[in-house]
Structures are given as C-alpha cells and as structure tokens.
Amino acid sequence: MPTTVTMPRLSDTMEAGTVIKWHVKEGDTVASGDVLADVETDKATMEMQTYDDGVVAKLLIGAGDRVAIGTPIAVIAVDGEDASSASGANPAAASSAPAAPAPAETPVVVTGTVVMPSAHADNGARARISPVARRMAEELGVDINSLRGSGPGGRVIKRDIESAAARTSGGTAPASMMPVVAASAPAAAPSLPVVAGPGAREVAVSGMRQTIARRLVESKSTIPHYQVSMRFNMDPLLELRKMLNAQLEPQGVKLSVNDFIVRSCALAMAQHPYFNASWAGDRIIIHGEVNVGVAVSLPAERGGGLVVAVIRNADQKGLRQISLDTRALAEKARTRGLGPEDMMGATFTISNLGMYGVDNFTAIINPPNSAILACGAAVERPVVRGGQLCVGTELDATLSLDHRVIDGAMAAEYLTTVRHNLENPATLLV
Amino acid sequence: MSTVTVIDPTMSATREIEFRDALREAMTQEMRRDPRVFLLGEEVAQYNGAYKVSKGMLDEFGPRRIIDTPISESGFAGMAIGAAMMGLRPIVEFMSWSFSLVAADPILNNAPKMLYMSGGQFGCPIVFRGNDGAGGQLGSTHSWCVEGLFSNVPGLKMVIPSCPEDAKGLMTTAIRDDDPVFFLESERMLGMKGHVPEGDYLVPFGQAKVRREGTDCTLVSFGRPVNFCLDAAAELAKEGISCEVLDMRTIRPLDIDSIVRSVRKTNYCVVVDQSWSFGSPGSEVASQLHQHCFDDLDNFVHRVHSADVPTPYAFNLEQEYLPNARRICEAVRSCLYRA
Numbered sequence: 326m327p328t329t330v331t332m333p334r335l336s337d338t339m340e341a342g343t344v345i346k347w348h349v350k351e352g353d354t355v356a357s358g359d360v361l362a363d364v365e366t367d368k369a370t371m372e373m374q375t376y377d378d379g380v381v382a383k384l385l386i387g388a389g390d391r392v393a394i395g396t397p398i399a400v401i402a403v404d405g406e407d408a409s410s411a412s413g414a415n416p417a418a419a420s421s422a423p424a425a426p427a428p429a430e431t432p433v434v435v436t437g438t439v440v441m442p443s444a445h446a447d448n449g450a451r452a453r454i455s456p457v458a459r460r461m462a463e464e465l466g467v468d469i470n471s472l473r474g475s476g477p478g479g480r481v482i483k484r485d486i487e488s489a490a491a492r493t494s495g496g497t498a499p500a501s502m503m504p505v506v507a508a509s510a511p512a513a514a515p516s517l518p519v520v521a522g523p524g525a526r527e528v529a530v531s532g533m534r535q536t537i538a539r540r541l542v543e544s545k546s547t548i549p550h551y552q553v554s555m556r557f558n559m560d561p562l563l564e565l566r567k568m569l570n571a572q573l574e575p576q577g578v579k580l581s582v583n584d585f586i587v588r589s590c591a592l593a594m595a596q597h598p599y600f601n602a603s604w605a606g607d608r609i610i611i612h613g614e615v616n617v618g619v620a621v622s623l624p625a626e627r628g629g630g631l632v633v634a635v636i637r638n639a640d641q642k643g644l645r646q647i648s649l650d651t652r653a654l655a656e657k658a659r660t661r662g663l664g665p666e667d668m669m670g671a672t673f674t675i676s677n678l679g680m681y682g683v684d685n686f687t688a689i690i691n692p693p694n695s696a697i698l699a700c701g702a703a704v705e706r707p708v709v710r711g712g713q714l715c716v717g718t719e720l721d722a723t724l725s726l727d728h729r730v731i732d733g734a735m736a737a738e739y740l741t742t743v744r745h746n747l748e749n750p751a752t753l754l755v
Numbered sequence: 063m064s065t066v067t068v069i070d071p072t073m074s075a076t077r078e079i080e081f082r083d084a085l086r087e088a089m090t091q092e093m094r095r096d097p098r099v100f101l102l103g104e105e106v107a108q109y110n111g112a113y114k115v116s117k118g119m120l121d122e123f124g125p126r127r128i129i130d131t132p133i134s135e136s137g138f139a140g141m142a143i144g145a146a147m148m149g150l151r152p153i154v155e156f157m158s159w160s161f162s163l164v165a166a167d168p169i170l171n172n173a174p175k176m177l178y179m180s181g182g183q184f185g186c187p188i189v190f191r192g193n194d195g196a197g198g199q200l201g202s203t204h205s206w207c208v209e210g211l212f213s214n215v216p217g218l219k220m221v222i223p224s225c226p227e228d229a230k231g232l233m234t235t236a237i238r239d240d241d242p243v244f245f246l247e248s249e250r251m252l253g254m255k256g257h258v259p260e261g262d263y264l265v266p267f268g269q270a271k272v273r274r275e276g277t278d279c280t281l282v283s284f285g286r287p288v289n290f291c292l293d294a295a296a297e298l299a300k301e302g303i304s305c306e307v308l309d310m311r312t313i314r315p316l317d318i319d320s321i322v323r324s325v326r327k328t329n330y331c332v333v334v335d336q337s338w339s340f341g342s343p344g345s346e347v348a349s350q351l352h353q354h355c356f357d358d359l360d361n362f363v364h365r366v367h368s369a370d371v372p373t374p375y376a377f378n379l380e381q382e383y384l385p386n387a388r389r390i391c392e393a394v395r396s397c398l399y400r401a
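Residue numbers (our numbering), protein chains in the order written: chain A, 326 to 755; chain B, 63 to 401.
These are computed hints drawn from the structure, not numbers from a lab. A hint or two may mislead.
To be verified - In silico DSSO-like pairs for lysine-lysine, Cα to Cα no more than 30 Å straight-line:
| # | chain 1 | residue 1 | chain 2 | residue 2 |
| --- | --- | --- | --- | --- |
| 1 | B | Lys114 | B | Lys271 |
| 2 | B | Lys271 | A | Lys657 |
| 3 | A | Lys383 | A | Lys350 |
| 4 | B | Lys327 | B | Lys271 |
| 5 | B | Lys114 | B | Lys255 |
| 6 | A | Lys657 | A | Lys545 |
| 7 | B | Lys327 | A | Lys657 |
| 8 | A | Lys579 | A | Lys657 |
| 9 | A | Lys657 | B | Lys300 |
| 10 | B | Lys300 | B | Lys327 |
| 11 | A | Lys579 | B | Lys300 |
| 12 | B | Lys271 | B | Lys300 |
Bear in mind that the values here come from a model prediction, so they are computed numbers and not experimental data.
Required output: the full structure, derived from the provided sequences and hints.
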C-alpha cells in the first residue's frame with residue numbers, strides 16, 4: 326500500500342505550510358530520514374523528512390503551493406506499487422483543502438533539520454512517545470499531536486506532557502481556571518533574523534524557556550497593561566512578625582514578609598472580586614476560588630527560569646498555613662520540580678524581589694490573571710509621620726493590571742485595602 | 063523452602079561485626095542447632111579458612127564436621143552433593159567461585175536437577191559459598207562473577223548479600239533451605255563492618271530491601287554493587303535527583319514485585335549488576351520490567367554492568383571495568399534525559 330505524505334505540523338501554532346522547494350522528483354528512490362522538501366511555516370522554514378522507504382510516486386502540489394496541515398502532498402510507493410491506490414492521492418481532492426490565512430509576521434529562516442517535528446507523523450508513522458507519557462497524555466487530556474518531544478529523536482517524554490499540561494492548565498482544571506486567552510500568539514521570534522557574531526555563544530532553549538517566552542509575549546502583546554504603585558508603612562507588620570516568629574520558633578514556623586503580603590492580597594479579594602478575575606473575550610469570569618500564584622525562581626543547576634507555584638484558597642488559609650505551603654512548594658520547585666497540579670489555576674500572582682534588595686519593579690501579568698503585584702524590599706527611609714521627620718520602614722508595591730477588567734480607580738481602591746491590611750497587621754491574624 | 067521467621071533487627075540486640083564474622087556466626091549457630099550441618103573446603107579447618115571465615119570452627123566442632131579437602135573442587139563438591147542426597151546438610155566453601163568452574167558438572171548438572179530427575183526421591187539441601195567477582199587485581203581467571211552463568215539454571219537458589227546483617231540472615235536461611243543455594247560473597251566486603259542481630263536471625267529469600275528511598279529513579283542491584291549504588295545516590299542527590307536503591311538480596315527467587323512497585327512510582331529504572339551484560343540477571347530484570355511496567359516507563363530500562371571484556375589486571379582498568387558510582391551516575395542522568 327503506497328503511503329500518502331501529508332503537510333506535517335511543524336510547530337505548535339502552524340495551521341498551513343508552503344512547500345518552498347522539493348528536494349525530490351517523481352521516480353526518485355528515498356529512504357527514511359531523507360529530506361523531501363523545505364516547508365515554510367508561520368515561524369520558520371524547515372526541512373521535511375520522509376519516514377518511509379520507497380519511490381516518490383507522485384508530487385501532489387508544486388513548489389510555492391500553500392496547503393493546510395494534513396493535506397496530502399506526495400505519495401511514496403514501494404517498487405511496483407500503484408500510486409493511485411494511496412488515500413488522498415487525487416490532486417483535485419488535495420487542492421480543495423482549505424488554505425489558511427497568510428502569516429502575520431515575517432518568517433524567520435531557520436537552518437538545520439527538524440528531525441521529529443511532532444509526536445505524530447501525519448503520514449501514518451507511529452508516534453514516538455514513551456509509554457508513561459502516552460498514558461499521562463490520556464489521563465491529563467493532552468493532545469500529543471501538538472507536542473514536540475524533547476527526548477531523543479523527538480520522543481515525547483514525561484516532562485513534555487507535564488509542561489504541556491501546566492501550559493494549558495490541562496483537562497483536569499475547572500473550566501473557570503482554563504486560560505481564556507487563546508494560545509495562538511506567535512512565539513517570541515524576532516522580526517529580523519538574529520545573526521551570531523564573532524565570539525557569540527548559542528544556548529539551547531529549554532522547554533520552560535520556550536513556555537516563558539510564549540506566555541509572556543502573549544501576555545504583553547495582547548493584554549493592555551498599566552501600572553499603579555503604592556508605598557506601605559511596614560513598621561507595625563515587622564514588629565508583629567518579629568514577635569510571632571520568636572513565639573513560633575519552637576514549632577519550626579518562620580513567617581516571611583511575603584506570607585503577610587499573600588494573605589493581605591487574598592483577603593482583599595472579598596471586597597475587590599475583579600482582582601480575582603479573567604478576561605474571556607466577551608465576558609469577564611470572576612473566579613470562585615482565590616488561588617494566589619507565587620513566582621519562584623529556579624537555581625541554575627535546575628536550568629534556571631521561573632515557575633509560578635499556587636497557594637490554593639489562600640483567602641481561607643492562615644499565615645502559618647500560607648507559610649508552610651509556600652515553603653513546601655518553593656522547596657519542591659527547586660529540588661524535584663513542580664507537578665502540573667502545583668502550577669495550575671492561579672487567579673492572581675505575586676512576584677517578590679525584595680529578598681534581592683530591589684526597591685521596586687513592574688511585572689508582566691500571568692495569563693489568564695488580571696493583575697500581578699510586584700513587591701520590592703522593606704527598607705528604612707526618612708519618613709514624615711505626624712509632622713515629624715523620622716526613620717521608618719517602607720515597602721513599594723506595583724500592580725500591573727489588565728485594563729479590560731480593572732480601571733485605575735479600582736486599582737487604587739484595591740491597593741488601599743491591601744495597605745490597610747498590611748499597616749494594621751493584627752487583622753491578618755483573624 | 064522451610065518456614066522462616068523474620069526478626070526485626072531493630073528489636074533484638076545488635077553489635078558491630080565484620081561480614082566474615084556474620085557468616086561464621088550463622089554457620090556456627092546452625093551447626094550447634096542441627097548435627098546434620100557440616101563445612102568442607104580447601105583450608106577451612108587447620109588454616110582457619112583462606113579468608114578466616116571459618117576461624118575457630120575446627121576447635122569447636124572437630125575434624126568430622128570441619129573438613130579440609132584436597133584441591134579438587136569437582137571431587138569434594140560431588141561428594142557433598144551425595145551427602146546432601148542422603149540427608150546431611152553440607153556447606154561447601156569454594157575459595158573463589160572462579161574455582162567452582164571445574165566443578166560445573168556436579169553443581170549445575172546434578173545438584174539443581176536432583177529433585178526433578180529423581181521424581182522427588184532425592185533432594186539436595188546444600189549451600190555452596192565463596193568469593194565472587196573482582197577481588198582486586200586477581201586477574202581475569204580469578205575474578206569471575208557467576209551470577210549470569212549460574213542463575214540461568216532452574217532448581218537452584220542464588221543469594222548475594224551486600225552487608226553484614228544480610229550475610230547472617232541470608233546464610234541462616236540458606237542452611238535451613240531444602241534446595242541447593244548458591245551463596246555469593248565478595249572478598250572486598252569480608253572486612254565490612256555493620257550492625258548484626260545476635261541469636262537466631264533469618265532474612266527470607268525473595269524479599270528485596272529498600273536501602274534508600276527516592277522518587278526520581280529506581281536503582282536495582284544486588285551484592286557489592288548495592289554499595290556503589292548508595293554512593294551514586296548520594297552524589298545524585300546533590301544534583302536534585304532522588305534515587306531509590308533496591309537491594310534484591312536474592313537473584314533466584316527474584317522479587318520483581320518490589321521492583322515494579324518502585325518503578326510505578328519513579329517511571330525510570332537503572333539496573334546495576336557486576337556480571338557481564340549479555341544474558342545476565344540485569345537483562346532478566348529489564349525484560350521482566352518491560353513486561354510488567356511497560357506503561358509506567360518513560361525510558362527503556364538502563365543497565366550498568368562490568369565491561370564486556372575479561373577482567374583487567376591493572377588497578378585503574380579494573381576500577382573502570384566495574385559498575386562504579388560514576389558510571390551509575392551517568393546511566394541515571396541518561397535514563398532521566400538529563401545527560
């Protein structure tokens with residue numbers, strides 16, 4: 326039976342491809358691994374290989390033709406086979422396949438061979454996927470056809486499924502927690518080719534780095550960001566924290582400033598539900614649970630990067646539990662790595678660079694959240710209190726907001742509530 | 063198999079003794095308990111054992127039960143098998159398992175098959191024991207690992223302890239077992255010290271022991287390389303890789319259930335076996351895992367064996383030939399796609 330070669334999916338976001346050049350002509354003998362054609366996708370031009378041995382019986386489209394993924398483009402037969410018996414071998418049928426709209430940006434030409442563009446070869450070859458990855462994909466509802474495997478020869482392995490599940494929030498998350506921004510944004514490819522000059526060094530991009538790139542490009546380019554800042558007087562909180570930590574020390578509990586901020590922000594959601602919401606195109610979804618994401622940076626020996634660990638139902642947890650949860654998740658992230666369940670479903674995110682001595686900064690919203698709070702360090706400054714110049718400890722916090730959901734006055738009111746919570750910290754204890 | 067009692071070592075008195083002392087204690091206690099048990103082999107009596115495992119036993123039990131033999135493995139192994147068939151319970155010491163090769167016919171062709179071929183008329187309750195594996199610059203002909211060669215034969219049991227505590231518990235069980243038991247020791251471990259329970263202490267066959275708990279990768283091993291695995295696991299922990307180390311303790315019977323339980327948790331498995339890779343216990347574990355755990359594996363079962371060459375004499379080559387901790391670390395990283 327001759328094999329029909331179809332337009333492969335060469336990237337997550339590819340909908341159609343153009344054969345720039347055929348490397349074979351009808352009658353040529355090919356072996357698995359030979360390059361059939363250069364195919365241009367929405368992002369790049371890549372070499373397309375055959376997974377079968379045989380003779381090129383028919384080329385169904387010409388150079389320059391653009392067809393949708395899955396459209397038959399060639400037929401490979403073993404010697405003596407009748408090419409016309411291959412399914413979809415009729416050129417008329419092929420040409421009726423809908424072509425996708427033209428790409429929105431200039432494609433970057435990538436040299437080098439894509440050995441295994443996706444787990445599933447559209448020409449009917451078996452997917453390369455580890456057994457446990459296949460089982461997890463079924464359990465988590467991950468579409469393996471859209472994945473590019475990071476194992477040898479493009480094999481889809483466990484970590485690919487885990488990161489795909491984390492990326493899409495998987496099929497197991499409640500509907501309201503699913504990302505509402507369609508994941509169709511292009512990856513962070515520059516619009517001009519980047520040339521490596523003398524002395525330059527190339528670093529392979531990990532799956533996590535790709536995810537960070539895609540999600541943040543998507544966030545920054547589709548969400549109308551703006552920022553609102555406020556300065557908090559931290560003296561009462563630091564005094565309370567010192568007292569509590571002295572009392573809790575025998576129990577092995579040590580509350581961080583960040584734990585107080587997580588609780589302050591979570592409690593403020595009751596009065597400001599739009600801060601716990603997602604823009605859904607034609608409506609706004611206000612989530613039922615307050616799940617606060619905490620950005621955790623990973624050490625270089627774990628490949629660097631960052632993940633967002635989720636403190637679930639943070640509005641219902643006391644400082645002690647928030648502290649324990651945060652510490653356990655950060656430890657897990659930095660040693661064994663977080664599972665999809667540890668990263669899914671954040672409804673609001675906090676990024677804290679205070680421990681690095683940063684005064685203030687702005688953060689990019691973590692979709693599908695509507696806001697992210699960027700916290701600096703609590704630092705001693707000359708302050709005016711009651712008409713007197715004195716030394717006080719203050720912390721600068723900056724909200725980045727989705728203007729489709731939250732207006733400036735709302736942001737000011739939310740920060741005022743957070744400030745009230747932090748500056749009257751006894752309220753955080755009840 | 064005779065009835066065994068598992069005694070939790072944490073519940074009885076222990077003291078630190080050497081691996082060789084643990085072996086002697088098990089043999090001595092069993093000889094006091096059962097007059098049918100006796101020991102024979104080269105230099106076991108008057109010289110107190112080539113490796114001092116039988117030190118003092120001649121004094122206690124006399125020359126009828128601690129018997130020096132000529133250098134004739136085929137002769138004394140065959141004689142002991144005959145004694146076992148007639149109701150005694152011999153322990154045969156091979157100075158090295160390398161020397162057992164000249165006794166291949168009695169130990170492989172007679173002992174394991176006797177119960178089957180005699181239609182149940184004759185059993186063969188015998189223990190063959192001795193040093194197995196590279197002893198340290200002994201050259202290729204004296205460095206045999208017989209795990210792969212001998213475990214192939216149905217009807218025998220193969221025991222390979224990795225620590226003094228198991229040496230005693232497994233030896234006691236071996237002497238009380240009604241089938242031929244091939245008991246593999248290591249010259250490199252005879253001086254190893256460890257806490258060993260006093261009194262009757264039995265470790266049942268076919269029960270692996272988790273020597274280190276972990277979540278990221280299962281290391282399966284037996285005998286001396288278990289200790290290499292523990293070193294590798296400590297090293298890998300620094301990289302954030304958490305290994306679970308399973309000590310199989312017996313190759314036949316093989317506790318595949320414990321391996322399966324661990325691999326279902328970790329999804330990765332590296333088998334560390336000091337025998338050569340072709341047709342080895344390591345390849346058997348891999349094969350059975352692929353049968354029982356196919357849908358749980360994220361990579362094929364990786365194996366670390368001695369290199370597929372005769373054991374080198376040179377010190378540095380011999381170290382590199384063995385499944386050492388560095389080679390185990392490399393295999394784990396590769397198996398976890400972190401190489």
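Each hint tested on the structure:
no.	hint	in the structure
1	Lys114/B <-> Lys271/B	holds, 28 Å
2	Lys271/B <-> Lys657/A	holds, 27 Å
3	Lys383/A <-> Lys350/A	holds, 8 Å
4	Lys327/B <-> Lys271/B	holds, 16 Å
5	Lys114/B <-> Lys255/B	holds, 15 Å
6	Lys657/A <-> Lys545/A	holds, 29 Å
7	Lys327/B <-> Lys657/A	holds, 17 Å
8	Lys579/A <-> Lys657/A	holds, 18 Å
9	Lys657/A <-> Lys300/B	holds, 14 Å
10	Lys300/B <-> Lys327/B	holds, 21 Å
11	Lys579/A <-> Lys300/B	holds, 25 Å
12	Lys271/B <-> Lys300/B	holds, 23 Å
Hint check: no violations occur; every hint is consistent with the structure.
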